[in-house]
Amino acid sequence: MKLDDHIAALRELGDEPLDGSSTRLRVRRTLEHGHGMRRHAGVLAALAVLLVASASWGFATGRIQRWFSPPVPSPSPSPTPAKIAMHEPAPAPIVEPTPVPAPVPAPIVVPTPAPTPAPIAKSPTPTPAPTSRRYAKAHELYFHDANYAAALEAFDDYLVHEPTGQFVAEARYNRALCLVHLDQLADAKLALQPFADGTVLAGYRQAEAKTLIEKIDHRLNGTR
Amino acid sequence: MTLPMVAAPDDDLVARLRDGDRAAVEQAYIAHHAAIRAFARRLVGETSTAEDLVHDTFVALPRAIRSFRGEASLRSFLIGVAVNHAKRHIRTAVRRRRATEKLAAQQEVLPSTIDATDVLARKRLADRLSAALDELPLEQRVVFVLCEAEQRTSVEVAAIVGAPEGTVRTRLMHAKRKLREQLEDVGGER
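Going down the list, the sequences are from chains R and Y.
In this text, residue positions in the first sequence follow my numbering: the first is 280, and each later residue adds one.
In this text, residue positions in the second sequence follow my numbering: the first is 2, and each later residue adds one.
Derived by calculation from the structure, the hints in this document are not laboratory data.
Among the hints, erroneous ones may be present.
[Stated by the list, open to error] Taking beta-carbon pairs under 8 angstroms as the criterion, some of the chain R residues facing chain Y (in silico): (1) L282; (2) L292; (3) G293.
All residues carry an ideal CB built from backbone N, CA and C; glycine is no exception.
Model the full structure from these sequences, guided by the hints.
This is the structure in structure tokens:
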């Protein structure tokens, strides 16, 4: 058979009548479905953008790094005022202005306060975001003025007004230290417990909180 | 017989397609599905895969129409869209054909399968050519079907496949040479 005979047969193949109604229906359904899919794709794209933006923000502010890295003891911007003695070995007496109960308690060494994200008020880095102003005020009261009562109020103010703020963990920890300074040890213990349990930012300041709680217990229960 | 190029005013339809009017896709389907189906049948050599190709062509139309410049008819443009979607369908058709060829070879041992009717004989010729086309590169296959089975001019085919006219002629020449070789081989064996 010649090629032309084959071609003629192939030509006839395409001439077979077919109404094509089922394919027409398929096309319609696919286009309708595709329209819905595109709408879903739009929503997914918006969510993806949101996720990327959140992640970028998290990296830029250091929150994500903090979540995935162990807490690093930070250099304290200023030493804790001498209301409570620091860094002494166990038996050293507590230097406190307030009267101490008769049995000599173990010293409570107030550890380095929570790292602040940079000395906010005096940072050479860009101006602090408006959301951290309250924290900056509390920080100032704690570190520079050593006004623990006012600092406590300021940290509370920050936590109330910015409960999802950037420095919530630091504010909670520093607030607990304020309570220690103010000798409100039961409250301080309550405030430190989540840190000691490791439930704040996956172990943030956990070891220090545990040590503090031990010392608070020691104080509350009397000398052993 | 040359398939007529659509001279109908496509402008309004094209404009509606560009606006995303889904009813316009239906209208385009009604106007051109027979031509696209005929081409698809000749290109892939199989009915169900050809239907899939027709489906994909019209589903792709709302997006593809953005690149329509109006230099050719909407029907030629649609055939171009079909060509762009043909590769996967040809692969499917080739797999099916090879599977059925195996089965047919086993059945031909039995003498009862001989059918002398003209329709079946021509169907066999078409199947044989489709099988031979499976051995060609896609570009040569498309050009052969458009030029020989659809009897389009090389100018039209060049516009459809987006290649120079000379390239179309060269592809056609190579395709025909290879097909002659293959079909003579097959014919000699039978």
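Checklist entry - Any of the earlier hints contradicted here, and which numbers? => result none
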